[in-house]
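**Student:** Here's the letter readout for the chains.
Protein chains: 2
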Amino acid sequence: MRREMTALMKSVGVGTLKFSSVVSFRLNRCRGARSFSMLMSPPSKAIVYDQHGSPDSVTRLVNLPPVEVRENDVCVKMIAAPINPSDINRIEGVYPVRPPVPAVGGYEGVGEVYSVGSNVNTLSPGDWVIPSPPSSGMWQTFVVKEESVWHKIDKSCPVEYAATITVNPLTALRMLEDFVALDSAGDSVVQNGATSIVGQCVIQLARLRGISTINIIRDRAGSDEARESLKALGADQVFLESQLNVKNVKSLLGGLPEPALGFNCVGGNAASLVLKFLREGGTMVTYGGMSKKPITVSTTSFIFKDLALKGFWLQKWLSLGKVKECREMIDYLLGLARDGKLKYETELVPFDEFPVALDKALGKAGRQPKQVITF
Amino acid sequence: MRREMTALMKSVGVGTLKFSSVVSFRLNRCRGARSFSMLMSPPSKAIVYDQHGSPDSVTRLVNLPPVEVRENDVCVKMIAAPINPSDINRIEGVYPVRPPVPAVGGYEGVGEVYSVGSNVNTLSPGDWVIPSPPSSGMWQTFVVKEESVWHKIDKSCPVEYAATITVNPLTALRMLEDFVALDSAGDSVVQNGATSIVGQCVIQLARLRGISTINIIRDRAGSDEARESLKALGADQVFLESQLNVKNVKSLLGGLPEPALGFNCVGGNAASLVLKFLREGGTMVTYGGMSKKPITVSTTSFIFKDLALKGFWLQKWLSLGKVKECREMIDYLLGLARDGKLKYETELVPFDEFPVALDKALGKAGRQPKQVITF
Chain A
768 MRREMTALMK SVGVGTLKFS SVVSFRLNRC RGARSFSMLM SPPSKAIVYD QHGSPDSVTR
828 LVNLPPVEVR ENDVCVKMIA APINPSDINR IEGVYPVRPP VPAVGGYEGV GEVYSVGSNV
888 NTLSPGDWVI PSPPSSGMWQ TFVVKEESVW HKIDKSCPVE YAATITVNPL TALRMLEDFV
948 ALDSAGDSVV QNGATSIVGQ CVIQLARLRG ISTINIIRDR AGSDEARESL KALGADQVFL
1008 ESQLNVKNVK SLLGGLPEPA LGFNCVGGNA ASLVLKFLRE GGTMVTYGGM SKKPITVSTT
1068 SFIFKDLALK GFWLQKWLSL GKVKECREMI DYLLGLARDG KLKYETELVP FDEFPVALDK
1128 ALGKAGRQPK QVITF
Chain B
768 MRREMTALMK SVGVGTLKFS SVVSFRLNRC RGARSFSMLM SPPSKAIVYD QHGSPDSVTR
828 LVNLPPVEVR ENDVCVKMIA APINPSDINR IEGVYPVRPP VPAVGGYEGV GEVYSVGSNV
888 NTLSPGDWVI PSPPSSGMWQ TFVVKEESVW HKIDKSCPVE YAATITVNPL TALRMLEDFV
948 ALDSAGDSVV QNGATSIVGQ CVIQLARLRG ISTINIIRDR AGSDEARESL KALGADQVFL
1008 ESQLNVKNVK SLLGGLPEPA LGFNCVGGNA ASLVLKFLRE GGTMVTYGGM SKKPITVSTT
1068 SFIFKDLALK GFWLQKWLSL GKVKECREMI DYLLGLARDG KLKYETELVP FDEFPVALDK
1128 ALGKAGRQPK QVITF
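From first to last, the protein sequence lines are chains A and B. For the record, in the first sequence the residue sitting at position 193 is 960 according to the working numbering, with numbers rising by one throughout. For the record, in the second sequence the residue sitting at position 244 is 1011 according to the working numbering, with numbers rising by one throughout.
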């Protein structure tokens, strides 16, 4: 078997990748005695990292040999997959859950069923699927995973949304649902980092529920355009951080109700601004820390203002095994995207240009749309 | 009526207090036409403040004229009342709820029923009562408030506990009950400021439930004795802050379970130590800020460790109108105190020596037992 694998790897040009590495993440699908009529995937091209570190130095494109498509497996020809900040953190090794290296990057995406194992009866070649809950190893041309991993979706949704519908939009949806019972007849939420994809989704999903949003963005070149684009999505108020250097930020609310819920993906002063806007008894949910600064809170905020601070991590929520609930929400979000009710900017980039997309995702070229690799 | 009041005030020696001030907080009980046979309280001696400021400069002892005991009122001859930190904050004007000045200080205490209005049928002269929920104006010899304010208690509990059973012990009890469902078969709580009365009550109330406690105290003279006295109350672990300057505080837990719940009454580094001890998904409740430093939390504590930070303020809980629940808990706590199962140090001080007790309560003489005024 090992000799056979070696031959296959040679034929698909596995040059620079150490043999032992390839074997360790593909050979485990070939264990035990099998007949020679077994179904195999095509060879796959993948973005792999052998060690943790800066993604632009530890990732590279490698050719991987075919793997067996077992009786409960589905082989998917990937169509598109994004580069999310959490993908970068996983490669850097700063994420608490790390797949063992070597590993293929990527955690969500959309693909077309290419072949199915003999026991598979819910999916057929040609179906569009996404891994749901999301699953590792999506940055490659062919992915083989068990039938239960894949969720069949309607083909009417544009690929850039189908590829990105889980990690960011679902975070926005869960955060609106899970912490505070918001009343559509007069509640609002406040958030910093409002130009992020999650931030843009919060604005649109809140608006669909009749919830107003108060949005805080950083002072930087292009902030006027950023404000206008968020307002076009339905943002009720958009403030630069520098505008909020006032004693009573609530005087700026206009007619909006004081928010009962706030979202923080920045930390530092931007988190304090969210806290200042919150009403008595309000909750701030932290889901990111872009400034890399901690959150500082006064004692009186807890005792007399009765604020609560919590965190949200989609991967933890998904680990609770709510597959059915997850997929229903994904279908809801895909429907909104198809109907133009959920929008955010993406840039489709051919797989061969992965390093360019990665540099953009790493922020080397300033603010950029979400980078989505096409295969 | 006004002439009559003036005569009364003269007779009880209201000298230095401005007439208008006295009238404003006593005369409101004399409105409307009444017969001359109305029931009056005895004159009262009280600790009054006319303005907010440092308690040792704005408080003074004044004589107050008798007030009417109306048909639903009960006149109570106070026996004992403590000086709590929140009393000091109220006088300083830094508390969010401020009685209008001039005001009589004090918020809890115990007294004996002296006389009752014609409609009162649950209390009789000689009964021991406490205001429950606690109520303002307890630092005086005679207090007149409606029957509904007073809760009759068993006389078997020592007065120093009866006078102090609400503000601190009830805070400890509610915090153990309200935030995390603790399992007596293997849960623990962690707290800083463990030598405070609330801290001592937490240790004893937790132990009664089979919950272990991890206690953090400040480095200062007498910390060895403080550790031993907390251990005598049932503390499982007592650490000086300086002992916790290690990478992994959990290695110090010995056989104790990682705590699911933490209490913070200090802030700053002492709050961070509580957070370090908490298990994944744990909750820290802030109920004080003795260091006057804010609480600083990392983003990852919220996202990956799933910590929640909340606050507790007894006055807010009491404002929810849970009178029956409050009184049942008070009776439970009084029973524990009577049986020697709930202990903390107090010092009884005669009313005439209020300024001495106040200086001790203000920390001018270092660490002191809880000061309880006797009338």
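No lab work stands behind these hints: they were computed from the structure. Please note that the accuracy of each hint is not assured.
Any copy, or any two copies together, can satisfy a pair, since identical chains are not distinguished.
[Unchecked claim] Capping the alpha-carbon separation at 27 Å, the derived lysine-lysine pairs in DSS-like fashion look like this:
1) K1017 x K1083
2) K1091 x K1072
3) K1131 x K1108
4) K1083 x K1014
5) K1017 x K912
6) K1089 x K1072
7) K998 x K1017
8) K844 x K1059
9) K912 x K1014
10) K1072 x K922
11) K1131 x K1014
12) K1072 x K998
13) K1127 x K998
14) K912 x K1131
15) K1014 x K1108
16) K1043 x K998
17) K1059 x K1089
18) K1043 x K1077
19) K1110 x K1017
20) K1043 x K1089
21) K1017 x K1060
22) K1108 x K1059
23) K1110 x K912
24) K1017 x K844
25) K912 x K1072
26) K1110 x K1043
**Student:** Where does the structure disagree with the numbered hints, that is, which hint numbers, in rising order?
**Tutor:** Per hint list: 3, 5, 8, 9, 10, 11, 12, 14, 15, 17, 19, 20, 22, 23, 24, 25, 26 violated.
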